[in-house]
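Student: Fit chains A and Y to the known structure of chain E by using the hints.
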Amino acid sequence: MAPALRWGLGALALAALLAVPFVVTQPYPRHVFISIFLYATLAQAWNLLAGYCGQISLGHAVFFGTGAYTSSVLGKELGLTPWAGMVAGVALAVALSQLIGYPVFRLRGHYLAIATIAVGEIVQTLMLNWDWVGAARGFFVPIKRPDSFVNFQFHQSKQTYYYIALGLLLLALGVARRIERSRTGFYFRAIREDQDAAASLGIPVAAYKQRAMAWSAGLTAMGGTFYAQYILFIDPESVFPLSLSILICLVAVLGGVGTLWGPLVGAAILVPLSEGTRIYFGGTGKAIDLLIFGALIMLISVVQPGGIMALAQRGRRRTG
Amino acid sequence: MTLEVLLQGLIGGLLMGFVYALIAAGLSLIFGLMEIVNFAHGEFLMLAMFATFWAWALAGLDPLLSLPLTAALLFLLGIAVYHGLIRWILGAPMLAQIFATFGLAVFLRSAAQALWGVDFRLVKDPLVSGRISLGGLFIGLPQLVASVGALAAFAFLYWLIRKTETGRALQATAQDRQAAALMGIDTQWMFALGWGIGAACVGVAGGLLTIFFYVFPDVGASFALLAYVAVALGGFGNVPGTLAAGVVVGVVEVMSGLLIAPTLKYVTVFLIYLAVVLWRPQGLFGRF
Amino acid sequence: MATRVTALVLALLAVIAPAAFAQTPKEVVIGVLYPLSGNAAQVGIDSANAVRLAVDIINAKHDLNLPLARGEGLPGLGGAKIRVIFVDHQGKPDVGQAEAERLITQEKVHAVFGAYFSGVTQTVAQVAERYGVPHLNAESSSPLLTERGLKWFFRTSPHDGHFSQAMFDYIRDLEKRRNVKFKTVGIMHEATQFGSDSAKVQEELAAKYGYEVTVKISYRDKATNLDAEVGKLKAANPDILLPSSYTNDAILFVKTAKNLDYNPRLLIAQNAGWTDPTFVKEMGKDVEGHITRAPFALDMAAKKPMIRQVNEMFKKLKDNSTGRDISDAPARAFTGFLTLADAINRAKSVSPEEIRKALVATNIPADQLIMPWTGVKFDEKGQNTGVRAILQQVQNGAYATIYPFELAAADPTFPLTPWKDRK
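Chains as they are written, first to last, in the working numbering: chain E, 1 to 320; chain A, 321 to 608; chain Y, 609 to 1031.
Chain E with its partners taken away, still in its complex shape (with noise of 0.2 Å):
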């Protein structure tokens, strides 16, 4: 495809996004985009280490509830905006990161996700039990009215919420693309392919895998404050789930790991589809919704492994 034609098309997508809440007045619609653009961002976040970088990481949820908790806490503790509790958020994510990749970025494969595992479990437990910060009761974020985007709450309606969501998306798309073009994604992709020879050819290894976890954190951590933003509740169960960093990752799988718009399409099927698996038929309490979704997880990953990118790019090669 020409560039131009790329630009052209890209740019009326980004025009499309951006009309949407003019379009789409009703509330709930609205949440579904930003429930889409919230799980794009982190798929996006965990696509730079995993995809890109090649380092399976199945306990991102730290960095999601540690953004969270660090924004919403100073908020309460100090009063500061959410704005610098983001930024708070993000340096304790990035630091902690780092911190967990020193000693974990020596495995390799299943150890190493069995291990990122490990250090989310601690992590949610740790919080389970830590009463200043509530422990398992949760934490409320106070409520602040009227709406004002320096305490980062909405209440009249969601418009604001999508368009910061929309923007955290484009920023780690940003970052993604970024990164994929430049020597620092080059090294990612050659410790991604085989670790060893890249060390062999002098690539300082461990160095690049903790920028990368940096980046992903420091990523997730941002949708961590958003969230709180968002809900004004937070709970280690919600923030902090085995559960969670499972379904990040599969949302970039399903699209399509280590591609650019993998996580976005990800996202976009995936959201829809468990809300309106829930809708249709959750109300019975026979848990059809969940039955559905596992039964279609499970049809997607035996019919397109690569995700829904590879089968685009399957067909492209063909007419290349």
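To be clear, the hints were calculated from the coordinates, so they are not data collected in a lab.
Treat the hints with care, as some may be off.
What the hints assert, rightly or not - Mimicking DSS-like on lysine-lysine, the simulated pairs with C-alpha atoms at most 25 Å apart in a straight line are:
#, chain 1, residue 1, chain 2, residue 2
1, Y, 669, Y, 924
2, Y, 923, A, 444
3, E, 144, Y, 1028
4, Y, 669, A, 444
5, A, 444, Y, 759
6, Y, 893, Y, 830
7, Y, 989, E, 144
8, Y, 866, A, 444
9, A, 444, Y, 911
10, E, 144, E, 76
11, E, 76, Y, 989
12, E, 76, Y, 759
13, Y, 989, A, 444
What the hints assert, rightly or not - Cβ-Cβ distance ranges computed for the label pairs, FRET-style:
#, chain 1, residue 1, chain 2, residue 2, range
14, E, 79, A, 355, 50 to 56 Å
15, E, 15, Y, 679, 56 to 62 Å
16, E, 24, Y, 818, 55 to 61 Å
Glycine included, C-beta positions come from ideal geometry on N, C-alpha and C.
Tutor: For chains A and Y alone, kept in the frame of chain E given last:
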């Protein structure tokens, strides 16, 4: 904290550890063969427990008596899952494989809820009940029987893998798939068999657990997590290693709960796991 | 003359006609949110069934002394019937928020009801507050819910503060009655919102009344093994044990306590697992003597036969496939839903503000409730002041109300029989 309480904890941890080890063994076997982590392992356990429960509720079969039946059922389930799902994702990237078995887990869990509801089921008045007392220390008979059963299953598994023709074929396939194929071993059948035996292990564990543990659709989740840790600790693919690892997990769980704080039980287990794999990245006994 | 009369009649008609053609809705729609999948699904399903029963009682004629039972539908709204939309929030606060919003903006419900878990109830309440839609909660126990200054939130149920207060009242009354002195308290709770909330209140009350908390155990729920927890309890050996656990962990705890020969003298549970109908049935003699706080008691049917009638109807519900008895949480759901319907009926309108005003004016007398309360009357925070927490004890395989002593059906037994003496 008296010595008595500590010894009591040690015994409890040991007994539970054998059960954890059996659950982990199946997982380890499957991974050793084809490098796939079965994220639906907890659900296999849950199905085994339900099978045992229904055999008791509908036919009055005590869990101990229905054990062979449960093991056979799970064996068939393992083979079915292999042929229905796993076979198609053998060459897929690790993530898609995780994806597939995770989807299976969600599916099985929801199916159980749809079919049997969410109520907690308990087998009442099993053949084995009560406790025995050894010098002031108590050992629950169901727990004792479960751990002895687990050990027996383990021994059988070990014999199967090391001393039989089939077992050696399995080992060969695990070591070098292509070489094994060249030697005339049907790798497809080996994979299916691996899943079958792995599931049967979990079937035995589930049957034994049902003597004293409650059954409900989500029951597999907590056990599965510990099983993953035990497998990684023992070394992926090393079945005897999981025995040691399972015991370590069981003992650390209880002792850290007693000596540090119950809320940090699993934290300690995971920290020990991290410490071990950082010192020996391939686990206690694993090959890389 | 004729023209003047005609003009008058026409004028009257002109005034009345719009009102008559105006919204007397054929039905009132209420959104009900419960956890219908996941760990607490059984309670969610039971509560949803209780709501179904309440809807049947309202919509059809029943000869029961319950609000709106004797007629068909809501007489204040011309016989309009109630229709419920059930949603599963899966135990997640963000799903609760999305569903509440969807119910209000897309399904256009006139009120929301639910949601059991305090965390989810919180997010639902926030949504209701934002849109100005009445939200009635019948069972969430976190005291904070009515401390947030919400205008549209109403809770019929007692909360942890009430329950734990009743526990300590009982402890002190028992001390006087039996001439014993308790010194130490042990708290065991699961690391969830429910357990944590409960433990916090219990700790505060213990300190207030001068009891020393010698052991406080928090454990991850859905435990595979409670040996360490029971071991620690055994080592600390507090006079009184206050557990807060759901059914699965409660079962495991009792079995482990039996195995390890842990014998607390007094055990008072924070309902949940202990009030699950399956619990006493399954555990049988092993839980003889256990006490739990309960907002509802089946044995009160001796004084209020209506309770037995309602229970029979509940057991026969189509969706209650295993014929479970109505228990604590569903009984509260039942009562809460009738309260909401009663308010809508008195409002004679589905306008949110009218319903809200009617809720504020609620005054349901004790004899119209299956709960042992003095009535339903909300204070300025939206909390029902007529609540009464009662304590029940397992005696001869079934729960008997033992406290407050005036309502008691049986004398409390004390202390708990040690394992070796249990037959």
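Student: Among all the numbered hints in the text so far, which are the ones the structure does not match?
Tutor: Hints 3, 4, 5, 9 and 13 contradicted; others consistent.
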